[in-house]
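K.L.:
In terms of our numbering, the sequence shown is residues 397 to 557.
Calculated directly from the structure, the hints in this document are not laboratory data.
Incorrect hints may appear among the rest.
Quick list of the computed label-pair ranges, beta carbon to beta carbon [unchecked claim]: (1) Phe437 to Gln405: 45 to 55 Å; (2) Phe518 to Ile436: 24 to 34 Å; (3) Ile527 to Val427: 21 to 31 Å; (4) Pro529 to Leu416: 33 to 43 Å; (5) Gln517 to Ala425: 46 to 56 Å; (6) Glu512 to Val429: 44 to 54 Å; (7) Lys544 to Glu461: 28 to 38 Å.
Glycine included, each C-beta is placed from N, C-alpha and C at the ideal position.
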Amino acid sequence: MQPEEALRQAGDFGLFQYLLITYLCILVAPVRVMPLFAHIFSFLVPPHRCKVPLHLYEGLNVSGEALLGVALPRESDGSLSQCRMYDVNATLLHWLQAGTGASVNFSKTAPSVDLETTSCQFGWEYDFSLIYPSVVSEMDWVCENSWKTTWPTPFSGCPRQ
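Using the sequences provided together with the hints, build the complete structure.
P.N.:
Right under this line is the structure:
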């Protein structure tokens with residue numbers, strides 16, 4: 397007996413088969429696939445920058461965007477660096493601004509003296525205006541720790557015991 401003949405004797409594609417396919421495609425498949433893609437949404441990286449401790453710079457006569465220009469270097473495209481900050485002593489900046497030594501230009505572009513940079517020392521500030529808080533922002537998995545966002549991916553489809 398050929399498979400086509402066996403299927404014909406068992407019954408053609410009827411109402412039950414249509415309902416079963418509809419049920420599987422509309423209700424079951426999305427629920428079963430959702431956990432496979434959940435890690436993509438839980439590991440989104442929001443826009444971030446180094447946290448600037450305002451108490452270190454409160455004696456300077458700058459605020460807002462100018463303060464960020466004093467504390468954070470700019471990338472080649474003009475945006476603030478997300479992972480680096482100037483490695484400066486705020487007392488030195490007070491001294492330079494007072495005019496007792498060299499002068500520092502606190503403009504939006506960059507300080508007029510060459511300053512060393514370092515990784516973020518005080519953590520990060522995240523912009524949640526476009527994206528929600530995620531595991532990345534909760535655990536500070538950015539910059540040097542960005543590799544940590546990739547380790548759950550291979551295990552996302554593993555069966556649980």
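K.L.:
Check each numbered hint from earlier against the structure, then list the numbers of those it violates in ascending order.
P.N.:
The structure breaks none of the hints.
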